[in-house]
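Student: Once you have looked at the hints, place chain B on chain A.
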Amino acid sequence: MLAIWGWKTGKGLESFFVASRRAGPILAGLAGSAAGLSAFVFVGGPGLFATVGIASLWLIASAPLTGTLQCLAVGEPILRHIRSRPALTIPGLIAARWGEGWPRGISASILLLGSLATLAVQIKALAILGNTLLPFPGWALAAGVITLTLAYAATGGMQPGLPIEALQGLIMSIIALLLSAIALTRAEGLASATTILGELRPELLDPMASGHGGSYLSLFLLFAVGTCAQPHYLQKFLMLKDRKSLRLLPAVSTAALLTILSIWVGFGLAGGALAARGALHFENADALAPALLRSLENPALLIAALIAILAAVMSTSATLLNLVAAAFSIDFPAAFGRGSAPVKLTQARLATLFAAAVAGSLALASGKGVIRLGILGWGLLTAGFLPVMVLGMRRSEISRKAAIAALLGGPSVYFLLEICQSRGFLLKSEPGLSGAAIGFILLTLWKPAGPEEKAEE
Amino acid sequence: MRPEHRLLRILVPAMAFGWLLVQTWAPPRAAGIAACIILFTLMIPSSPRKHPGRALAGWIFLFAILLIWMVLLTSGLQGRTAFAVFVGGILLMGLAFPLIYALSFPDGDQS
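Quick mapping for you: the protein sequence lines, in order, are chains A and B. The working numbering applies: residue 14 is where the first sequence begins, and numbers increase by one. The working numbering applies: residue 14 is where the second sequence begins, and numbers increase by one.
Hints are computed from structural coordinates only; laboratory data are not their basis. Check each hint, because a few of them may be wrong.
In the DSS-like style, the derived pairs of lysine-lysine whose C-alpha atoms are separated by at most 30 Å in a straight line are [claimed, not checked]: (1) A/K357 with A/K460; (2) A/K414 with A/K460; (3) A/K414 with B/K63; (4) B/K63 with A/K257.
Only some residues are given here: those of chain A computed to face chain B with a beta carbon under 10 Å [claimed, not checked]: (5) W71; (6) T81; (7) L85; (8) A86; (9) I195; (10) L213; (11) P215; (12) M221; (13) G226; (14) K441; (15) S447; (16) P461.
Glycine included, each C-beta is placed from N, C-alpha and C at the ideal position.
Chain B extracted, bound-state conformation:
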């Protein structure tokens, strides 16, 4: 069995079980952070990127935005500030995610 698959056999069930537990027993902030981690795990590219270093930096940057936004919204924020953070974050991410994807898209046949 390849080492990668061995690692997957540990990580994937751990994340799956982890989600099952978190959604049932953990406070909302933990569930939100777990959701962010799951999303970014799924966003690990399956093919090499044009500039791997920049792609990694971009991935970390996007993860940071999502995580900060999630933590703010699950920290008891309410009222007009909560609305501004919610909608403002959505709009910011709407710009950032497609842009970073397009910039790191591999040219040629790098599958």
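Next up, chain A with everything else stripped away, as it sits in the complex:
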């Protein structure tokens, strides 16, 4: 119904890509949390907790402050910019700041690669879920869910997508809290579960993961500052109806985030305690959540969990499909000098379908786990976008050439480090943060913009 409503009411690019810029803090906060949290939380997170313990919480420990951080670091500057230069996309925002051509083209390329990797995470998680929890092949579940998502993402875009994502966020919050409570009850309570872990697996209650804490702290910072660089988070600022909506946005998004993330702690702690007692068995980290759900022996809970996981996957996928569609139908043509040609919604819709196909192929071909694939996408987007979004949007002295250097330099360092680390070198350098650090250096040390360049802006 919402897809049909979106098809009928969504007649323009502004409705397709930024939901007609009518979102208030509740809609944007719930939808933003839903789009930002995905299968990563439901499938990968609890498994990581059960295998490395509370050190895994470093990946989500920034959740209480990221809503506030985003609004301060990027939200307020973005809303100031789009008042005079409305943009439909993040590359469009970058182009409005530094001009068309290279800035837009490079940022659209970064967005494309990072978004496709993150989309592949969702599809892969669905395949795992199908294989472990349902009596039919995982790829069939993945294909079905993505088709359903495409039904509204490709017809109406964010016009139906935003309220659907907000509803999904609410559903995820309620079900995550419920399932966490039930899982902890199965493990005889929070106190009992922590006591069992303390006795049988004390290494799981070490925040520094028996000496490996340094890498987890890097991930803490990556996931904190990275929220200021992920297009599927930033896009929500483009949808806000006014600046006043920012006041309550952190409250709504933080509340939604923390309730959804309760599943990471609840399932992870309960699963870890049960496994330590020998009451639960699973083959690998990704299999913990399905194994724990089966052990609850309650079809209603299984259905509830499936609904929450599907909501998580669909909300993230819809936003990512929209971003990739925008890159193909608006950003790349504009970057190549064809921005004046009118963009038809049909192009955007076809681009959405193409994005789903490419992400699906990547998911099938990739041998990496859900968590690893998620970190790859997040890290690339952080390396590419963090410097220009956090510093470039605030400082008029940052020149076009500096921005291009940062957009190229950050991801280059990122890929170089990933290659080195795959061969066993420079293992302590977190690639996303290192790329962003180089980007910040290039941005500030490059020759500042002259008065003519500032006047053009």
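Tutor: Positioned in the frame of chain A, the structure of chain B alone reads:
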């Protein structure tokens, strides 16, 4: 070149290089403290706040909570106490950060 930009050209590369060194060679507590400093630098508002004095006090208060929490968790704390500090700190910050942001949000067009 404006003095602000001159300062940025020193501070930003220093923090960026500092992080690159800390993540590779420093002990976890140093990395954690560096992370807190970086986060709070990013949280310096780009527009004036409604009550600047209160906003500054709030910023310092939040920084203090985050720093204390980080130092506790990187000081060798383990077991159920570590779990309580970890999760309790997350919940406390989840209340404090949005509240202080909302209270210091500038009214009207103060961009």
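Student: Which numbered conditions among the earlier hints are violated in the structure presented, ordered from lowest to highest?
Tutor: 1, 3, 9 and 10
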